[in-house]
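2 protein chains.
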Amino acid sequence: MEPASTNYSITFLPSGRKVRVESGTTIIRAARNAGLHINASCGGTGVCGKCRVQIEEGSVSEGISDKLSPDDVHQGVRQACTAKITSDLVVRIEESAGLKGGQLGTEVPERHRASLHIFDIDELQQEGIFIPPVEKFFLELPKPDENDRQADTGRLLRAMDEQYDERHIHINLYMMQQLRRVLREDDFRVTVTLARPVNKRFRSMLQHIQSGDWSKRNYGIAVDIGTTTVYGQLIDKHTGKILSEAGHYNQQISYGEDVITRMIHAENPEGMQQMHALVTESINSIIDCMLEQTKVAANEITSITLAGNTAMTHLFLELEPHNIRRSPYVPVSTLFPPIRSTDVGLHLGGHCMALLYPAVSSYVGGDIVAGVMGSGMYRTDKTTLFIDIGTNAEIVVGNSEWLACAACSAGPAFEGGGILHGMRAGAGAIDDFSLDPVSLEPMIMTIKSKPAVGICGSGLLIIIATLYECGVLDQGGHYNRELVTDRIRKGRSGYEYVLVWAEESGIDRDIVLTEVDIDNFIRAKGAIYAGMTTLLSEVGLTVNDIEQVILAGAFGSYIDLDSAMTVGLLPEIDADKCMYVGNGSLMGCRMSELSNHIRRDVVKTMQRMTSFELSDVPSYKDQYVASLFFPHTDSQLFPRAAKRRQVMAQVKENGVQSA
Amino acid sequence: MEPASTNYSITFLPSGRKVRVESGTTIIRAARNAGLHINASCGGTGVCGKCRVQIEEGSVSEGISDKLSPDDVHQGVRQACTAKITSDLVVRIEESAGLKGGQLGTEVPERHRASLHIFDIDELQQEGIFIPPVEKFFLELPKPDENDRQADTGRLLRAMDEQYDERHIHINLYMMQQLRRVLREDDFRVTVTLARPVNKRFRSMLQHIQSGDWSKRNYGIAVDIGTTTVYGQLIDKHTGKILSEAGHYNQQISYGEDVITRMIHAENPEGMQQMHALVTESINSIIDCMLEQTKVAANEITSITLAGNTAMTHLFLELEPHNIRRSPYVPVSTLFPPIRSTDVGLHLGGHCMALLYPAVSSYVGGDIVAGVMGSGMYRTDKTTLFIDIGTNAEIVVGNSEWLACAACSAGPAFEGGGILHGMRAGAGAIDDFSLDPVSLEPMIMTIKSKPAVGICGSGLLIIIATLYECGVLDQGGHYNRELVTDRIRKGRSGYEYVLVWAEESGIDRDIVLTEVDIDNFIRAKGAIYAGMTTLLSEVGLTVNDIEQVILAGAFGSYIDLDSAMTVGLLPEIDADKCMYVGNGSLMGCRMSELSNHIRRDVVKTMQRMTSFELSDVPSYKDQYVASLFFPHTDSQLFPRAAKRRQVMAQVKENGVQSA
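Respectively, the protein sequence lines represent chains E and U. Here the first sequence is numbered in our numbering, starting from 6 and rising by one per residue. Here the second sequence is numbered in our numbering, starting from 6 and rising by one per residue.
Pulled out of the complex, with its shape left as it was, chain E reads as follows (with noise of 0.2 Å):
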């Protein structure tokens, strides 16, 4: 889908570090991504003018602003946190901050993200199993005479079964009342539409049928219905390829963010109906926008595949989820039929298949099932932990032999909730930090490159890892009471850290980080670090037996995995062994999209996952009080995080002695 971008070297001076970006970047993300700090504390709007630097080699776009004299725009100075690559560069970084040319030594490790974890369709036709559950078939078939008296269902069902070996085929009613006109128009030249039974035993459904030949006319649809978010993908099931691919709110957001609020509104009398309503309509948009892009029309899509939370799906199903949020959390079912696209509101044609993701338990949904089989992790042979962090984190441990999993609430603070200044990752979210351990200044970037408006997940993680590797919080997480700075406060609700100041943010006030927040945080970190090693001890093993990490969700593709590791989220394991599969719930849907193989699996794999439920195991609770801690209460789990620390304090010592 993405075109492939032109990458360029970048050096930075007096450092001499070297770092490769894509053309675009902006330099001050170069600059972090090289591990180095510039002062900038606007977000990279441009406005506060701190991030003056030097282009020695090459050229940008931008980085102009009246912060610059035109002596200065002559001499090649630029605004880091405006200034576009768009050649190999040399940058001087200008000895302003309070380290020497912004360097935060050259121990400090450089940052860390996942790999992504690409689904090849390539994989599927080698192996052989690139065979949707729902494909087209262009039939000829023998006419009708004398000596072939056989009726037009049996003459289709016999060219069915020589033509392409597919037996047991159910024809409904409604597929009969259509058939013999159809056979005719176009003398016996058709083209079958077959979806396939999950569980061969079973039989094949014809689904629909049309004079000529469509059998290359073969679309399908994957859907993650998020909480927040549903994205879809149009899919061409004839060459496996994505053809186009949209996102739209969760209507449904408007009765609450999050779905405890939502199943209390379908415990109404109409509420069931509404919420079914909004959550059909926002995936309504998402296809008929996809459809508009592609020019294919709504009659082509010939099946969909949705994953979503237990209560989400049961919510676009309209099954009652009274009982998924009370004890003992019993949802009305976990494996769900195929259904006619348009029995649940669907702008598809009613020979549409609509097939959603089974669902482990109540809270362990389809679209964890989804991301384990997107990820590959259903089939890997290393011991991986798979973990999806949102309001809830749903954790997934086990290899292609055995799978247990367990959900654990960790509050929304990974989702900008119960954080002051918290938010979803938007434009003016300031979602990456570093800080001048000495000044105590911070270099603030933020989505967009819009005037800070609060902080999103990703970034908040990076804030307080940054804020605890330089010493400003200690392991309770409270601040550094010590520190000469104007920027740790007392405010109203206890101590707080000024990131950007109200004349430089894009709201009218300071924008600050409190020690409640700071709490809120650990207390979600705990909740799923805590989540995690009960789940592990539960099956024998700890963190050293993990070989592997799958970061699903949102947050997970954007999470910064030393940040991760220095609080104590995750435990510490090589960057190299842990991925992203960014939606991994799309991905599995598609996976199911074009291979019925898979779609056999999905079963095998939901009915492979032990579900715990954390709150039976005793062990939880101390598990989680010995996880509200930076790192860890016991520290010798997080070797590197102690490590990062020291370091830190060196190069502080380092920056105030050259200072």
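In case anyone wonders, no lab produced these hints; they're calculated from the structure. Watch out, some of these pointers could steer you wrong.
Copies of the same chain look alike in the list, so a pair counts if it fits in one copy or across any two.
Said to hold, decoys possible - Listed next, the in silico EDC-like pairs over lysine to aspartate or glutamate satisfying Cα-Cα at most 20 Å (straight line):
hint: 1; residue 1: K300; residue 2: E272
hint: 2; residue 1: K387; residue 2: D192
hint: 3; residue 1: K148; residue 2: D621
hint: 4; residue 1: K89; residue 2: E61
hint: 5; residue 1: K495; residue 2: D524
hint: 6; residue 1: K626; residue 2: E151
hint: 7; residue 1: K387; residue 2: E151
hint: 8; residue 1: K148; residue 2: E167
Given chain E, put chain U in place with the hints provided.
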């Protein structure tokens, strides 16, 4: 269903012949059964006054009119046509008829009807196959708790497996939407309605779920969709008993009496919808009637099994019948899927399954397959001829090992069509007849003893056979113009016999039987006999190989076997080898309603039925031409018919001598 009726012994004088008849039978019918003739030309209404008899012992009701003097009545004289038997009787027939004592001679064999085949639920029970396709199960489910968090659907399926050994059950979305509430309404005590697949390989369907125990309230309906009349039975599937029966005209008849006209109408844009609506309305009216009679609620009917000919089935299901009537005569389908009864417009619950009998071909329909099942032909060892006579006659030969079938167009003569005074079997239709061979005066009996208004199919057969036996008709179907009677005369369309004079009829003119009528009858019986012999020769048999004859359909129930053999409609075979199944189609439907094993046998039977298209067989035409005589050009095939004619000639001679 029917109360056991009382039988009385009637002795006729002077012949001394005895006969046993049911209470309420008229004396004239009793005489007829005894092979005795009483002149009676008004059809049993009492107006002609010819049928005087003397009651010598015992008592009768009615039988009195102004044709009898008070003295006659006092002396015990009654009119045989209206006098109803209420005790054992000795009756003297007055010797006013041409024959001594009304006697046709003791040499004349008694008339025979085939015996009724009865299907008995006890057989199913003994064989252990009284397992309805749609059954109810009462379940007490274990309640969810911390140790058992299985979803509602899984919990239900587990219980079905553990408590009833039922597996592979499909639960559709609609059922899932009810499930949570229903399970908890009566503390996890529920009744499940399960529809079994016809093929064991596939899945059962959860049709309905109710809180509490309703397992004994399980009802089914069997329906024969006849071209003329729709018949139904309401069945208690828990006991196997028939609780109610009803019939109603097939309202499609307003568009034409024959299926071809209706199929043509269904090719009009709105015609199909009309044809569907009319037959559905007819079925609904009998359903409503039976529900009203039994106080069973519509939603307690869990299945309805229907059978009809292929055209009727197509029109009911809105399948295009266009190619049924066009060479090479290909229906849309011969197998029909289970359908939600509401999807075809029936007044039943959405959970009620409509199950359609499969057809063999365009002209051998589900009604015939149902008849082959209902009559037990599908499992007999005897080489059997099954014949259902209507406008089309369907013929099946074979046994439990093999089956061959064909349909031939007999024309509407047996249903009263193409006969000047032909009519359907309704009140006033002449349905029985005998002739005084000397005076040529008839004994006329009508349905419900109403003044004669026409001749129904079974009456026509008896009249023609009797006229032939008595030498009034010759082998070619022409009247003997030598006979001295004003009842034989030259009418508008050739020679005719006057059955009822205008003043004694229920219409304003004489009721006659013309040579044109007889010609139409010969063509009809010839087509059927030729069809039968052609089909037999196709499978390498002759009529001599037939070990058993099964007569189906309304006509078959009333057929006089001796007459049928005299005219050459049926091959000569002992009466005790003949049986009739009445509405075999309805009986087959009831069997299917009660046993899923039989439903499986239906499909196997239908698949074993090899269909022959008579028009493809070159010898059919020759056979047909050879059959256009009474009884056949090859008189050696019908030795008994020849004997009977000889006997009658002798009786006549004796009668003339005694007169």
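- Task: If the cutoff is 20 Å on CA atoms, where do K495 and D524 land: within, between, both or neither? Let me know, please.
- Result: within (16 Å within a copy, 117 Å between copies)
- Message: Reference check for the pair K300 and E272, CA-CA at most 20 Å: within, between, both, or neither?
- Response: neither (40 Å within a copy, 36 Å between copies)
- Message: I want to check one pair: K89 and E61. Are their C-alpha atoms no more than 20 Å apart within a copy, between two copies, both, or neither?
- Response: Only inside one copy: K89 and E61 sit 15 Å apart there, 128 Å across copies, limit 20 Å.
- Item | Intra- versus inter-subunit Cα pairing at 20 Å for K387 with E151 | neither (64 Å within a copy, 32 Å between copies)
- Quick one: K387 to D192, C-alpha cut-off 20 Å, is that within a copy, between copies, both, or neither? neither (55 Å within a copy, 45 Å between copies)
- For K148 vs D621, is the C-alpha pair at or below 20 Å within one copy, between two copies, both, or neither? For K148 and D621, the Cα distance is within 20 Å only across copies (18 Å; inside one copy 66 Å).
- Is it within a copy, between copies, both, or neither that the alpha carbon of K626 lies no farther than 20 Å from that of E151? between (80 Å within a copy, 18 Å between copies)
- Task: Using 20 Å as the alpha carbon limit, work out where K148 and E167 are close: within a copy, between copies, both or neither.
- Result: For K148 and E167, only the intra-copy Cα distance (15 Å) is at most 20 Å; the inter-copy one is 50 Å.
Hints 1, 2, 7, counting from the list given before, are not met by this structure.
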